[in-house]
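With the hints as a guide, bring both chains together as one complex.
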Amino acid sequence: MKMNLRPAFRYQFGSSLRSAVIILLIILAIFVFLAVGTFYIAVGAVEMRFTGYSISFAIFLFVMGIVGVRSDMRLCLQCGVSRRTAFVSGFLATLCLSFVLALSLELLTALVQLWMRADYHFFSADLYQILYLSGSQARLTAGQHVISVLVNTSTLFASGLLGNFFSLLYWRLNKALTVLVSLAFPVLPSAVSWLMYRIGVNLKPFIDWVAVSPFNFVLSFMLGGIVCAGINWLLLRRADIRSAAA
Amino acid sequence: MSIEIKNISKNFGGTCALDRVTLSLGDNKIYGLLGNNGAGKSTLLSILTNRLYPGGGSVTVDGQPVANNDQALGKIFLVSEKNMFPDDMRVKSALDAVAHFYPAFDRAYAEKLADKFRLDTKQKIKALSTGYGSIFRLILGLSVNTPYLLFDEPVLGLDARHRDMFYRTLMEKYTEKPCTVLISTHLIAEAAELIEHAVIIRNGRILRDCPGEELLSGAYAVSGPSALVDSYIEGKRVLSINTVGGLKTAALQGERDALPAGLEVSRINLQDYFISLMEEEDKK
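Protein chains in written order, with this note's numbering: chain G, 1 to 246; chain Y, 247 to 530.
Isolated chain Y, as found in the complex (with noise of 0.2 Å):
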């Protein structure tokens, strides 16, 4: 039971949005795609769901392919960025027509989201705030009852109180029924509680693949005087340094030495690491 991608290219006129992207997503886990703005986290999931065609490769879900497949795309729920429905559909509509598709769709599950969000079913889709518009594709998406769940950019527009409430509500959805999650975000920071497995994404080519606790396991981040910081650094993997006044923090991936008197290591959150990370790749 899996998504399984493999070699996956995509070309935009000139522009190269994925690079021979190979992935596999398993059973009842929860993956984070990480990425910049434009590095091909929003084509990857639509590939995925058939709505774009890649240049190359193929994508399988429990075997079967994507394309035109309606047994395989039936088991893939896709939370977009944007709306997809009709503008001037209803929310109360929308959830009907999701029932119509959807036979394990949670019809009173989602009116009692409706209800916890504060959303109006009444209202018209396009009449929704972006916040809004939000919550009405979460609630879609936390009803369906697929087997995976992809979420673009979840949170876009949330204020914190409905962005905790979303991963509250994710959390519990996911302990009672599990399922395979993707989620997509900029919000590294917040997301990173939930993530048992971090996909990094840059240019469209996938830089790091791995559980995230393997994925920060040999990451650290040492503070202290310049002149030290830049004594331990050296012959090491740097992943970035941030300086302020005369006190230096340096991000490092790999074995750590003893550490001489004067400085300080920490460990670095997934959000860190993702800034480092970037950074590295930034100074190729």
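So here's chain G without its partners, still in its complex pose (with noise of 0.2 Å):
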């Protein structure tokens, strides 16, 4: 059957897009600051580090998964648009919205990096300078921006898509499972890790393979992004879709 996609993708990925946009003024904003204050008040005293900064635009799009994706399918089918079409055109839209945030973060950087020179005492570094150039290069080549880019979008997204498995998870559950769930969850990392060293399981290979190159860390990313979302649909396929207030 076809997919009426064009619509819903539009309503979804516009009203996200507005929301970020104000994060991103903010992470602007903030650049602006430590940099001017850099330039006019320490320059040769202190040196400034903002550093991570994607992390908040994953955060940002975790609770955008949790609190999009239930008002989102109300709308979609309040306006004729199945779950299946709603579900499909806000996997697209996180893949997009974090394919355009992880762009604009990336300009930003490259921007506020040729900039600023060696003596302003301001240091920049982003997700993928952190973690695979030891954050001590200062500017990043084209080709590393490019990677930057790439890794920042496989976090957003896997962030995007693990919110929408929580509100989903949630909204499934009855009282009496949400609250054995939520009791549930600080024990589950101890949990799994028993379990898998009782079963001979171990994640320190899995660990160095992503560690030795960015496109590992993309490729799991991306994979549990999607794993995550086959899990969703299964949340949402035969869920009660019900108004805020019922």
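Keep in mind the hints are simulated off the structure, nothing from the lab.
This structure is a prediction, so every number in the text was calculated from the model and none was measured.
Among the hints, a few may not be true.
Computed far set for chain Y versus chain G, every beta-carbon distance over 10 Å [as the list claims (entries may be wrong)]:
#1 T268
#2 T306
#3 K321
#4 F323
#5 K358
#6 T392
#7 R407
#8 E442
#9 A467
#10 R483
#11 V484
#12 L509
#13 M524
Derived SDA-like pairs (lysine to any residue); straight-line CA-CA distance at most 20 Å [what the hints assert, rightly or not]:
#14 Y/K370 to G/S243
#15 Y/K328 to G/R242
#16 Y/K338 to G/G14
Even for Gly, the Cβ is constructed at its ideal location relative to N, Cα and C.
This is how it looks when you write it as structure tokens:
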């Protein structure tokens, strides 16, 4: 059956982008504040660092993933769009938004790094730079900027879909199971570690593999996001879509 | 061109909300879906629009199943009892959003109706009163121009003037651009004039599904002194009995015999018929 993706995508992407622009402007303001502060106030005295700012966007997409998925689903079903189409357009909107935000952040990083001279004592670095370049390189090459966009896109994408997962999981649970699952979450990491130890699964080779190359990082986060999306669809497929006040 | 509902069942835990409901909504007609609280009206409408999945059975719109089908779902607009738009959305943005999804949405007409009902389109949806929340959703329904328009308790919280305005506007709209309308309501007396075909639902089962005139053609009320009424109704199908002092009124269904002197006969309206039918069912 043909999917009427366009209006749902336009709505979902547009509404998320409007909120994201606010966060982007805040990041920009922090950059400007720190850069100007370094230049006029603390020149030569203090080194200012602004690093890992894509984490703010990852948190933003995680929260948007939690709050957005239910309201998008309600609006789409009210407007004659099936839950499957709403889900696919939501997935695509998260992917596109992650890419647009990663690209915007990278442009901002590139501009700041180009503008800053070594004696300004202002250092900015994002996730890729910190994880794979030891955070010591002041300026990235064009190729490194592209890799950084990919690293950030995969991180944001996975965060958004993880947010969707928590929202949909709690949407499907009744009160008793909500309490049970909430209590289970804090013990889950220890339980999983214990279980893996018992059955002889060692995660270290995987972590080493991810640490070797940023492409491995991108691949693992993108795959993680896709697996999360698969689980999300199973949670949503037969869910009762009711009004928030119901 | 029709919505076909076949053997739809739905359970919530141990409660049966719908029990093998079969119904057909044909072309360009106004249907009334009448039932008590908890009869299964809203559940049925939610299944028609794929908001809920039935436990069994099927729903098709013009031959296409509604489940995960944008073509079928795009032909239906459900004016729900509750808001399905984000609470922080403004009325104006909601009109924009609906215009994105429905190419036939008449934005100018929606603005005109908002003026007529004095709905402030700059307000946030969550800031609207219950009545204006209903008006907002009614305006969307009246402007969307889909072949199937479903109203779930459309006049909830509306004052008498706004209710009258809504019924008039709906009739104008229907006359101008006929479509299939289904009104699910408690306020039967008000909607009775509009309803061409009545569907009465109780405890998840369809009790009656026929044109309004046919439904009421065999029903009548007899009133007079208790003793006379009692002797007249003997052996007849009695829907309900009301006694006030020494006077009795009985609602009956079936062929009407010659009336003895002292008794009066009157037609019963849809609301009286509904109440009588519910009382008859209560006795079972």
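If you check each hint against the structure, which ones fail?
-> 3, 4 and 6
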